[in-house]
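Engineer: Sequence:
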Amino acid sequence: MKVIDFHCDTISKLMDNRGMSELKSNKFSIDIQKLKNGDNLAQFFALFLNLKHVKDPLEYCLSMLDKFYMEMEKNQEAIALAKSYDELINNKKKNKLSAFLTIEEGGVLKGEIYNLRNFYRLGVRLMTLTWNYPNEIGFPNSKKEYMEKGLTSFGCQTIEEMNRLNMIIDVSHLSDKGFYDVLKLSKKPFIASHSNSRFITDHPRNLTDTMIKELSNTGGIMGINFYNRFLGESNISKIDDMLHHIKHIYNVGGIDVIALGSDFDGIECEVEIKDTSEMYKLEDKLKKSGFSEDDIEKIFYKNALRIIKDI
115 MKVIDFHCDT ISKLMDNRGM SELKSNKFSI DIQKLKNGDN LAQFFALFLN
165 LKHVKDPLEY CLSMLDKFYM EMEKNQEAIA LAKSYDELIN NKKKNKLSAF
215 LTIEEGGVLK GEIYNLRNFY RLGVRLMTLT WNYPNEIGFP NSKKEYMEKG
265 LTSFGCQTIE EMNRLNMIID VSHLSDKGFY DVLKLSKKPF IASHSNSRFI
315 TDHPRNLTDT MIKELSNTGG IMGINFYNRF LGESNISKID DMLHHIKHIY
365 NVGGIDVIAL GSDFDGIECE VEIKDTSEMY KLEDKLKKSG FSEDDIEKIF
415 YKNALRIIKD I
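Counting in my numbering, the sequence shown runs from 115 upward without gaps.
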């Protein structure tokens, strides 16, 4: 089964282990060999940063961008940047993996819309508007007092410009009010790249049933996150918990809203799917639970392909 995963933090891991780890092969959940073994079609690589840990978010993001491109150059026979649906298909014809470049933390823009355009020119095609801290775009769901605070005026401008540039808007981590602001403002589908169901696991990082319905109605998707705290109450991330969320999301929003957003290399807990080569374990569980081949294909890659093509 082909796989498209909307979120991983592998570049951050490589940055933290510079000189010791490479994308070709490493001890993490994602490397090129694991992607091949898992029949991965495309992996979205996040340039993630913690605003509290860096002096200049823009400068640090650019250093991560350089690391990403260095890894692409070193492994150009096996993997290539994709900036569009057509480039993904072209990479597939060449028997290459596709890497989509994303930003996880809109604070890297430093409140300047030209930085968004420049990142687009450098290959970024998706941006997660916030992480766990307020930024110039809006507020996260990390604290209760943030949940009813929406997008700033710059955040509204960012949505409009991302629509114009055909960039994917990602509302994972965004406040509840921010979600509805994006829903109102965006003229194109948007996504929650790595978020689960709040009805099943009452965590503010997850989406309410109303959000799931609205996301589905606009043609958007949500990627199932493998983090145990977003899945259930176990100390490890269980496939049965993933299945529980998928079934509920299916019942609320339909099959077309479900995708994969593992958060590999950004989560520290033990996962029954220990790396990207083991996605077949979820496929097997879905089959045993009565999901059709067509349904599983949509979850694993076809819904993602649709979003990439449409946006």
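Please note: incorrect hints may appear among the correct ones.
Stated by the list, open to error - DSSO-like cross-link-like pairs, simulated, lysine-lysine; straight-line CA separation at most 27 Å:
hint : residue 1 : residue 2
1    : K166      : K206
2    : K206      : K116
3    : K224      : K208
4    : K127      : K263
5    : K291      : K352
6    : K302      : K188
7    : K116      : K298
8    : K166      : K150
9    : K298      : K423
Simulated from the structure, these hints should not be mistaken for lab results.
Engineer: Hint by hint, say whether it matches the structure.
Structural biologist: How the hints compare with the structure:
A hinted pair counts as satisfied when its Cα atoms are at most 27 Å apart, and K166 with K206 does not qualify at roughly 39 Å. This hinted pair checks out: K206 and K116 have alpha carbons roughly 11 Å apart, not beyond 27 Å. Taken as a hint, the K224 and K208 pair is broken in the structure, with Cα atoms around 38 Å apart against an allowance of 27 Å. Between K127 and K263 the alpha-carbon distance is near 32 Å, which puts this suggested pair outside the 27 Å criterion.
Using a Cα cut-off of 27 Å, the hinted pair K291 and K352 is violated, with the two alpha carbons roughly 30 Å apart. For the suggested pair K302 and K188, the alpha carbons sit about 35 Å apart, so the restraint of at most 27 Å is broken. A threshold of 27 Å between alpha carbons decides the hint, and for K116 with K298 the separation of about 33 Å lies outside it, so the pair is violated. As the CA atoms of K166 and K150 are separated by approximately 35 Å, the hinted pair breaks the 27 Å bound.
Using a Cα cut-off of 27 Å, the hinted pair K298 and K423 holds, with the two alpha carbons roughly 22 Å apart.
Comparing the model with each earlier hint shows violations of hints 1, 3, 4, 5, 6, 7 and 8; every other hint is respected.
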